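Residue numbering for the sequence shown is 344 to 1138, as defined by the numbering used here.
Rather than coming from a laboratory, the hints here were simulated on the basis of the structure. The structure displayed is predicted, hence computed values, not measured ones. Glycine included, C-beta positions come from ideal geometry on N, C-alpha and C. Be aware that one or more of the hints could be misleading.
Unchecked claim - Label-pair restraints from in silico Cβ distances:
| # | residue 1 | residue 2 | range |
| --- | --- | --- | --- |
| 1 | G752 | R779 | 24 to 32 Å |
| 2 | P658 | P1136 | 35 to 43 Å |
| 3 | G913 | A664 | 29 to 37 Å |
| 4 | A868 | S382 | 55 to 63 Å |
To be verified - Simulated crosslink set (DSSO-like; lysine-lysine; CA at most 27 Å straight-line):
| # | residue 1 | residue 2 |
| --- | --- | --- |
| 5 | K1083 | K1097 |
| 6 | K786 | K715 |
| 7 | K1083 | K1106 |
| 8 | K1107 | K1097 |
| 9 | K1107 | K1083 |
| 10 | K1096 | K1106 |
| 11 | K1115 | K1083 |
| 12 | K1115 | K1096 |
| 13 | K1096 | K1083 |
| 14 | K1096 | K1107 |
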Amino acid sequence: MVESAGVVGRPRLLERLERPNAVTIVQAPPGYGKTALLSDWAARTPTARIAPAEDLLPRLAEGAGGTIVVDDFARHETAALAENIVTALGRPGAPRLVVATRSTPLLRMYAWDRGLDVGTVGAADLLATETELADMASAWGAAGAADLHAPTGGWPRVARLLAEEGAAGDYLRDAVLARLDRETLAFALALSANRRLAPAHRRVSPGTGAPASDAFERLLDAGVVQRRPDGSDQVAPVMAAALRRLVPAEEALPWHRALVEELGHDGDAASLAPQMEHARASRDWAVLAQLWTRHGLRLLEVDESAVERVYGDVPAAAIAAWPALTLPVATARAMREKRPFHDVQPVMWEAARRTAQQFEGPGMDHGGDLEKYIFFAATALVDARMDGRWEEQRRIGEAAEERYRAERGSVPDSQRYAWFLLQVFFGEVTAGESTRAKTAGRKVHLVSHDAPESRFSTAAAAAAMCALATLEGAASDAAYWGEQYAAVTREDAWGYGYATSLFALVRAMRAVDRLDLAAAEAALAEAGDPRCDFEFWPFALVPRTQLALLRGEPADMLDEIGHVVATHQGQYDAGGWGTRVVACLRVELLTALGEVGQALEVAESVAGESTAIVPLVARAHLVAGDAARAYELARQPRWDADVTPRTRLGRLLVTAAAAEQLGDHRGADAAFSAAVALSGTTGLMATVVKLPRSVRRTLLERHRRALSEDSLERLFEFREVFETSVEPVRLTPRERVVLKEMARSTTLQEIAKKLTVSANTVKKQAISVYSKLGVHDREAALERARALGLLPPLD
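Could you put together the complete structure from these sequences and hints?
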């Protein structure tokens, strides 16, 4: 509330002065509004009388009750005066006493010694809140009040000077800092490198001069260090700026080095950000490299802004001398440039691969540092995974796990161990070992949930498990893991970018499944480039492919898949999860393009490795007009344990459509009824619209009552996804060879010579290729072949 005299009432402080203490001491550095507070309170309180300090004892002797208010008490205080005041306050009918002072008064000690009630309104209480400071700025007629609290910490006079004259720095230099010795000022400058101070800042000594505890108390008394209402300490930015102008940076170096060492002894989360700040201020690149090597993404968990400040401008020479700085520097610069997490992921994994060179195998001598050992083992898992060395990664993971468990003893699981388990999990996923992957995922989620500072691993594990469940169509599992993800993630935090990008893909897949194509596109925009993802790039292609199919744009998606596969060629060639997923996607896209023959050839390359391919092959035969073969493939009298809900739904739908086309309406109804029920529990509407439109409408008409009006309308009206009764492109082995040679820009005569046949024979085979591809010249044939996946895409 703003009074007519321009004084802002501060009800929360006025209430403190009303409390019936014998003595209330308002203690704070200059400029905190002590005088204004006491004047305002005295004006509001009829029984309050303002008296100068030199008249205090006579006023107390009057015994008139009420309250006596004294400003600037410290200037007149002596031990004798304090003792006499306390004696007077102990007499019957004595008034209450409220005093304002800059320093810790003797009066408090004497009053406590006599058993009097003493109340204190300290500097932390007098710092203005954002609302109070806005009211004050309004009373001053100052603009930009919203920008005053952060730089000043709520220091009233400094805020007014900053708002009205811009002379806050001069005031701080002359009224506050001029009272301090050079050593204390150097200590203050070192402290100002931090946004929040840690307990170690109160006890460190650089080896010479006054102990830090004394210096710290002097800085508190002077207002250089502000104690916030929550108990934390800070040096306000405006004070830090004044210190930088007054004290050369070199004078603070001994303090910075001492603080790096002292904070390292604590090793807790509260000490990590300050340790980074002091290491950067002292240009201790070795410590900065060690901090990232030991804590990694945990530093982002602790303080993202500190990582950005500290690592964002490390010189190139330091990075060359300490390669471990490569990743944090790339991370900090990406945050500064507002680039998403997945942009840095390739740099992250490449840095991990370089670190993996230090891993000498599961039996390496780690010199008693088990945490370092398990970190190196984790980087070795990353290295093996990126190349698709599945057996090697499993061997390393099992051996390192066994050793860690044997040597750990009773020490709780650590953040590093949780990250190691996350790499084991991702390795099983990329290898395509579904059962082992789920077991590993549950384990890393359990361990990381209980390990300190492992929320990132917890969120990543939950998002990955949700992705696997969503891909399978396991709705209840997906819902469970989605809840686990939501409970730990911080979607606004840059360091959670891996988990949030992955969960964006989950949202995209769910949107596609319910035919919300606009929401799917929006989620995919958040997920980022699949070429940057070294584990879940196959999953990243799934919603993109389904969206392309539903929009009728399969050809471009075939090209995109080719480019993504080229980025992850090592994993793809190793025959893991990515190989199987890509095969399934290419089968659907080729079928949509009418190239059923090519689709069947792709499917044959993973036959027996994935049950998910079966309904896709059956649908390809259905599209080609072979309902009998489609029925034979899709129909399943009993379901194997590894058949997922998504695969089962696909089989049921193809069975229903094929039976309908073969005239078995009862069989069609039975299969479609089961499919509608499964679609309802899983939410997989998109699978239904992939049926031939005429058959789909016929079956939907007969099962109207099983569907809501909204669902029925969307399923009934959706466009044809696969054109029916198309002729597959079937190239002979020799035609394939000729096509590949044509792609190398060789002439027909050169091809004939290379194949040891006549030029006329090669010409006939080329004409046959043109005919099957539906084109009339070589350039068009190569373009069509690349669209169909018969040739790799151009780089």
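Hint check results:
{"no.": "1", "hint": "G752 <-> R779: 24 to 32 Å", "in the structure": "holds, 27 Å"}
{"no.": "2", "hint": "P658 <-> P1136: 35 to 43 Å", "in the structure": "holds, 41 Å"}
{"no.": "3", "hint": "G913 <-> A664: 29 to 37 Å", "in the structure": "holds, 31 Å"}
{"no.": "4", "hint": "A868 <-> S382: 55 to 63 Å", "in the structure": "holds, 59 Å"}
{"no.": "5", "hint": "K1083 <-> K1097", "in the structure": "holds, 12 Å"}
{"no.": "6", "hint": "K786 <-> K715", "in the structure": "holds, 21 Å"}
{"no.": "7", "hint": "K1083 <-> K1106", "in the structure": "holds, 14 Å"}
{"no.": "8", "hint": "K1107 <-> K1097", "in the structure": "holds, 16 Å"}
{"no.": "9", "hint": "K1107 <-> K1083", "in the structure": "holds, 16 Å"}
{"no.": "10", "hint": "K1096 <-> K1106", "in the structure": "holds, 13 Å"}
{"no.": "11", "hint": "K1115 <-> K1083", "in the structure": "holds, 15 Å"}
{"no.": "12", "hint": "K1115 <-> K1096", "in the structure": "holds, 24 Å"}
{"no.": "13", "hint": "K1096 <-> K1083", "in the structure": "holds, 15 Å"}
{"no.": "14", "hint": "K1096 <-> K1107", "in the structure": "holds, 15 Å"}
In this structure, every one of the numbered hints holds.
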